[in-house]
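Here is what each chain is made of, one letter per residue.
2 protein chains.
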Amino acid sequence: MPAYAIGVDLGGTNLRIAAVDEHGTLLHKVTLGTEVAKGRDFVVGEMTAAIRQMLDTLKVPGELKGIGIGVPGIIDKATGFMYESPNLPDWANYPVHSDIERRLGTPVVLENDANSAALGEKWLGAGRDVETMVMLTLGTGVGGGIVMDGKIWQGMNGMAGELGHITVDPVGQLCGCGNKGCLEQYASATAITRMANEAIQAGGADSLKNLRDAHPEDFNSKIIYQAAVQGDRAAQEVFNKVGRALGTAIADMVNAFNPHMFVIGGGASNAWDAFSPAIFAEVQKRSFVYRATAPKEGGALANPRKTIITRAQLGGDAGLFGAARLPLQRS
Amino acid sequence: MPAYAIGVDLGGTNLRIAAVDEHGTLLHKVTLGTEVAKGRDFVVGEMTAAIRQMLDTLKVPGELKGIGIGVPGIIDKATGFMYESPNLPDWANYPVHSDIERRLGTPVVLENDANSAALGEKWLGAGRDVETMVMLTLGTGVGGGIVMDGKIWQGMNGMAGELGHITVDPVGQLCGCGNKGCLEQYASATAITRMANEAIQAGGADSLKNLRDAHPEDFNSKIIYQAAVQGDRAAQEVFNKVGRALGTAIADMVNAFNPHMFVIGGGASNAWDAFSPAIFAEVQKRSFVYRATAPKEGGALANPRKTIITRAQLGGDAGLFGAARLPLQRS
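Protein sequence lines, in the order shown, are assigned to chains A and B.
Under this note's numbering, think of the first position of the first sequence as 1, with each following residue one higher.
Under this note's numbering, think of the first position of the second sequence as 1001, with each following residue one higher.
These are calculated hints, taken from the structure and not from any lab test.
Every residue, glycine too, gets a C-beta built ideally from N, C-alpha and C.
Possibly wrong hints are sitting among the right ones.
Derived Cβ-Cβ restraints for the label pairs, each shown as a range [stated by the list, open to error]:
1. A/Ala202 <-> B/Glu1131: 33 to 41 angstroms
2. B/Asp1149 <-> A/Asp129: 21 to 29 angstroms
3. B/Arg1194 <-> A/Asp273: 40 to 48 angstroms
4. A/Thr31 <-> B/Glu1131: 52 to 60 angstroms
5. B/Asp1149 <-> A/Arg311: 24 to 32 angstroms
6. A/Asp99 <-> B/Glu1063: 36 to 44 angstroms
7. B/Gln1284 <-> A/Lys59: 49 to 57 angstroms
8. A/Pro216 <-> B/Arg1233: 30 to 38 angstroms
9. B/Asp1149 <-> A/Met1: 33 to 41 angstroms
10. A/Asp129 <-> B/Glu1131: 25 to 33 angstroms
11. B/Leu1174 <-> A/Asp273: 29 to 37 angstroms
12. A/Lys306 <-> B/Glu1198: 30 to 38 angstroms
13. B/Gln1313 <-> A/Ala78: 22 to 30 angstroms
DSS-like, lysine-lysine: derived pairs with alpha carbons at most 25 angstroms apart [claimed, not checked]:
14. A/Lys306 <-> B/Lys1077
15. A/Lys180 <-> A/Lys151
16. A/Lys285 <-> A/Lys180
17. A/Lys151 <-> B/Lys1151
18. A/Lys151 <-> B/Lys1306
19. A/Lys180 <-> B/Lys1151
20. B/Lys1306 <-> B/Lys1241
21. A/Lys180 <-> B/Lys1180
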């Protein structure tokens, strides 16, 4: 009987729970709304009730290794306290880990959602054949996760992987973190909309302006991507900026880590066709390690292996599978 | 009897060899000139002869674990070939590793000199109490080395740690690597002299100009540092630029890796007093992980530990000790 684990992806709008066995087979999955407004105790109550029900219904014969929970926020790994979570404000300074462990009577591993997604893609997605990969998740913000030798790189106190806050323009857009020119200010869904609005403001983006006038409520990264695909130059230039910013940050990381692979996921990664050419051009230009490691005629390396830069494969399930992987990996 | 190893630091001008035991005790050290112009075979011959002589003279009773060699260049770890070395041009495409192993009949480990220095500082210098540190070596260029869990982080093909080529200004100074705005273009000894010349050129740096007129042959980072210490504002601004560039790159790495410590070494790090205030100010401004992990009143972290940014302690011997550590660590 293969062992199994429960993965939980606690988002700002959805709470998703899955039972996954140690081979990565999905046994069951449920999605609940996250009624964050009802407060932390309510959400934790819903989560534990749903997990209990799933365990009762499934009656999996294998051993339950524990529960992994991916949360949108920074976690102090030493205590299991959440340090900060914009989407779950009343979860700060709360011992998430020990409270849920006590309620369910089984080990609980807490992880940042972007790290969970990286681990999911490593285990069952784009990164399953490499040992070292870096994932960038393009959503409302830009999340990051570094997987080294198959495990999440935690750093000194579990705060490694904040790749959305790499500086790509030292005199650029002010970021919520206090820095200027963070990657997140150029490569998130939020940034795509902002840059399109800036293009309209600057003039010369009439078709984008018409699009915004026609869709005042949903002028977002998705609709701007559709405009780019249909040949709108101003929209294409927005995605070129996305790609150049990602390329600058990825070039830094290739030079620093020399990892096997970069995986780009998250909702805004659906615009891959629009922004990826600029990533490749920028990394080629900016990283001599990227160029040096590439297979080439007459190249000096006996075993050249180009750093792979690719799309995520698990879509919205990466974080869920990654969360389930956490307790399986610990045992 | 403690085991021991031979460390070799092969620089552009000096070849230094040391016997070091497994506790880090220096048993013997010699320095030879590197007559690079006489070619690779000559240098390797001198090196192997000096090592043989050292072994014969010392007659250390402990086991010789091998020879570690730090070289200024990029090494393909899979083959032991040097990929590129500006200071040792005829060493490219040469099987350094196996040739020296054959000549000396003992295991040889080859490593990039900046990585060796990082390992040396980890073993016996500034980083001896931490498991994860990043070292930046400020010399003619800027070298880097990442030590994770006590070992050099190699990456996919041993090219990790090229931290001098992190982009700190995407539209900045052209670098020899092909990128624009590399850290190396603002924080190396070469860059310090260039930025002082630029300040003179731009006007308003009369005292620096007088200094250059008085010392046309040795207008270098050392003399510019002395001017800064003596209160010259233009010279101080040059070092502020050094500090801001280092701070921008370090902030990126704090956010990405969350390491315990950054160690700044190399010849130009003697100007620490002149550039370090700007490092701290820049990292504080740019890295929320740095701020978040700092101990503070009412802070949320149960175990706050601020990332340490400090000077190297072993001076020019870091690379030599690190090279000796390589074979000791392998066994």
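Here is what the structure says about each hint:
{"no.": "1", "hint": "A/Ala202 <-> B/Glu1131: 33 to 41 angstroms", "result": "violated, 49 angstroms"}
{"no.": "2", "hint": "B/Asp1149 <-> A/Asp129: 21 to 29 angstroms", "result": "holds, 24 angstroms"}
{"no.": "3", "hint": "B/Arg1194 <-> A/Asp273: 40 to 48 angstroms", "result": "holds, 41 angstroms"}
{"no.": "4", "hint": "A/Thr31 <-> B/Glu1131: 52 to 60 angstroms", "result": "violated, 40 angstroms"}
{"no.": "5", "hint": "B/Asp1149 <-> A/Arg311: 24 to 32 angstroms", "result": "holds, 31 angstroms"}
{"no.": "6", "hint": "A/Asp99 <-> B/Glu1063: 36 to 44 angstroms", "result": "violated, 54 angstroms"}
{"no.": "7", "hint": "B/Gln1284 <-> A/Lys59: 49 to 57 angstroms", "result": "holds, 54 angstroms"}
{"no.": "8", "hint": "A/Pro216 <-> B/Arg1233: 30 to 38 angstroms", "result": "violated, 53 angstroms"}
{"no.": "9", "hint": "B/Asp1149 <-> A/Met1: 33 to 41 angstroms", "result": "holds, 34 angstroms"}
{"no.": "10", "hint": "A/Asp129 <-> B/Glu1131: 25 to 33 angstroms", "result": "holds, 29 angstroms"}
{"no.": "11", "hint": "B/Leu1174 <-> A/Asp273: 29 to 37 angstroms", "result": "holds, 31 angstroms"}
{"no.": "12", "hint": "A/Lys306 <-> B/Glu1198: 30 to 38 angstroms", "result": "holds, 37 angstroms"}
{"no.": "13", "hint": "B/Gln1313 <-> A/Ala78: 22 to 30 angstroms", "result": "holds, 28 angstroms"}
{"no.": "14", "hint": "A/Lys306 <-> B/Lys1077", "result": "holds, 15 angstroms"}
{"no.": "15", "hint": "A/Lys180 <-> A/Lys151", "result": "violated, 31 angstroms"}
{"no.": "16", "hint": "A/Lys285 <-> A/Lys180", "result": "holds, 23 angstroms"}
{"no.": "17", "hint": "A/Lys151 <-> B/Lys1151", "result": "holds, 16 angstroms"}
{"no.": "18", "hint": "A/Lys151 <-> B/Lys1306", "result": "holds, 24 angstroms"}
{"no.": "19", "hint": "A/Lys180 <-> B/Lys1151", "result": "violated, 33 angstroms"}
{"no.": "20", "hint": "B/Lys1306 <-> B/Lys1241", "result": "holds, 24 angstroms"}
{"no.": "21", "hint": "A/Lys180 <-> B/Lys1180", "result": "holds, 19 angstroms"}
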